[in-house]
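S.K.: Just so you know, the protein sequences line up as chains A and B, in that order. Throughout the first sequence, residue numbering follows our numbering, covering 10 to 90 in sequence. Throughout the second sequence, residue numbering follows our numbering, covering 408 to 818 in sequence.
If you are wondering where the hints come from, they were derived from the structure by calculation, not from laboratory data. A hint or two may mislead.
Label-pair ranges, simulated between beta-carbon atoms [as the list claims (entries may be wrong)]:
1. B:GLN713 with A:GLU88: 35 to 41 Å
2. B:GLN470 with A:GLU34: 50 to 56 Å
3. A:GLU88 with B:ALA622: 56 to 62 Å
4. B:ALA721 with A:GLU88: 23 to 29 Å
Treat the numbers as computed from the prediction; the structure is a model and nothing was measured. By construction, the Cβ of each residue, glycine as well, lies at the ideal position given by its N, Cα and C atoms.
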Amino acid sequence: MKTRIREILKTTGKLPVDVATLGDEADLYNAGLTSFGTVELMMALEDAFEVEFPDNMMNRRNFASIAAIEAAIRTIQSEHV
Amino acid sequence: MTTLARLAEAGYQLTSETSGASAEAQKAMVATARKIAKLAAEHAADVDAKSRFPHEVFEALKQERLLGIMIPAAHGGEQASHSTISEICAVLAQGCASSAMIYAMHQIKVSSLVVHCGDDPWHGSFMARIAREQLLLASATTEGGGVGGDLRSSICGVVREGDDFTLDKEGCLISYGAQADAILITSRRTPEAPPSDQVMSVLTSDQYRLERSAAWDTMGMRGTCSDNFTFSGRAPAAQIIPVPFAEIAAQSMLPNAHLLWASVWYGIAAEAVARAEGFVRSEARKRPGSTPPSALRLAELLARLQQFKALVVAGLDRYERARSDADELSSMGFVVAMNSIKVVASQSVGEIVMQAFLICGIQGYRNDSPASLARLMRDALSAPIMINNDRILGNTSNLLAVYKHDPSLSR
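Construct the complete structure from the given sequences, taking the supplied hints into account.
M.R.: Pasting the structure below:
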């Protein structure tokens with residue numbers, strides 16, 4: 010899943026740095042992710058993984074790193090089986 | 408330390424580690440504010456006519472030590488709750504909206520220090536100084552040269568010179584800039600940094616010079632003395648707040664500004680309703696045995712005021728709960744909620760004063776009657792343009808491609 014998240018991050022979110030240089034735990038906000046970029050990223054993730062982020066998961070922490078995004082998506086998937 | 412950890416810690420300290428002011432002490436603060444609101448009401452017409460700073464009110468607020476009450480007990484303040492501070496804003500606004508708005512703007516600046524600077528040595532001791540000396544803080548977030556009201560964009564940057572920094576900012580509107588004891592000012596992190604990579608610095612009045620470039624001559628809120636200035640200052644680099652301004656704007660300014668402004672506007676609306684009530688009571692006494700026709704409109708207006716009150720109280724409650732929950736504080740739902748409070752409160756105040764006009768008729772329209780609503784209306788008209796509602800709705804609209812509202816009544 011992390012590989013797919015990385016692929017999405019390459020094309021959406023307008024990160025000013027190369028995604029390959031970021032570790033799974035690297036802070037995406039420190040890497041330049043803006044609030045507008047977060048919205049674009051959420052849209053792309055919702056489409057790619059066929060999930061909907063509920064209101065109570067749309068916070069900074071769930072999009073702060075590649076690992077955090079993966080954990081958030083897994084939580085939603087496990088709640089909706 | 409990460410932002411979240413810092414926030415969690417700040418929230419923890421504020422809610423459970425230290426006790427804060429007792430309920431009795433906070434009631435006493437509100438009672439004192441009520442006395443000061445009477446003084447404010449006595450001078451409100453003169454403040455408005457001359458577009459001057461309400462110095463009597465602020466001398467009294469300093470004397471009664473109400474300027475440092477948000478500061479945590481650990482830094483020498485009273486650590487009053489946001490509800491108490493919000494109530495004081497509303498109470499003052501019933502006497503003089505300009506005084507209340509200045510008080511609210513001061514507390515918004517204090518909130519940034521309280522939330523983001525608890526473990527920073529310089530800013531920690533500065534908070535103690537605010538509490539001890541009852542300093543009045545102002546804000547310089549706007550800038551000329553096309554930036555205007557976009558507080559998340561700066562042209563000027565901090566220039567390091569050894570252990571000090573210098574900062575020159577042109578054409579910034581600084582409410583009560585000439586009367587403030589310190590200014591919290593935004594700029595780029597360095598002159599070469601991108602416009603949105605901002606920091607906020609605290610400079611005391613002996614560390615800067617202000618050159619007035621335009622005077623504040625407006626329809627309402629005339630006592631806020633929001634003149635335009637060119638700012639030039641020099642101070643030790645330790646006075647630059649270590650947290651990026653992006654975090655300050657989102658996490659302390661957003662909720663505090665919208666909730667405290669809404670409280671001021673609620674105070675204006677409540678005063679308009681009080682004047683309409685006075686008018687209806689005097690009409691009823693003229694013809695005992697029959698209900699005056701304006702009483703029906705007043706009944707409707709009271710329901711409208713209650714709706715406004717519920718909006719502010721629910722917002723304060725949500726912020727109190729979010730303060731100890733960094734996830735909630737940084738959530739899209741919280742941003743949308745605070746933005747919505749600003750938009751609805753700023754519309755409500757104008758609508759309520761307008762409806763009070765229909766009740767008071769010519770007595771409300773006159774400048775010289777006890778039911779006059781003229782100044783209240785002019786003050787109320789500032790609300791939708793103080794951070795333009797269209798800018799705020801625009802920010803919310805950027806989130807709607809993914810945002811889904813929470814339909815529950817309890818969250």
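S.K.: So, for every hint listed, does it hold in this structure?
M.R.: Verification of the hints:
A C-beta distance of roughly 39 Å is found between GLN713 (chain B) and GLU88 (chain A), which places it inside the suggested range of 35 to 41 Å. Roughly 53 Å separates the CB atoms of GLN470 (chain B) and GLU34 (chain A), a value that falls within the hinted 50 to 56 Å. Distance hint for GLU88 (chain A) and ALA622 (chain B): a CB-CB separation of about 59 Å, consistent with the stated range 56 to 62 Å. One distance hint, 23 to 29 Å for the beta-carbon pair ALA721 (chain B) and GLU88 (chain A), holds here, with the actual separation near 28 Å.
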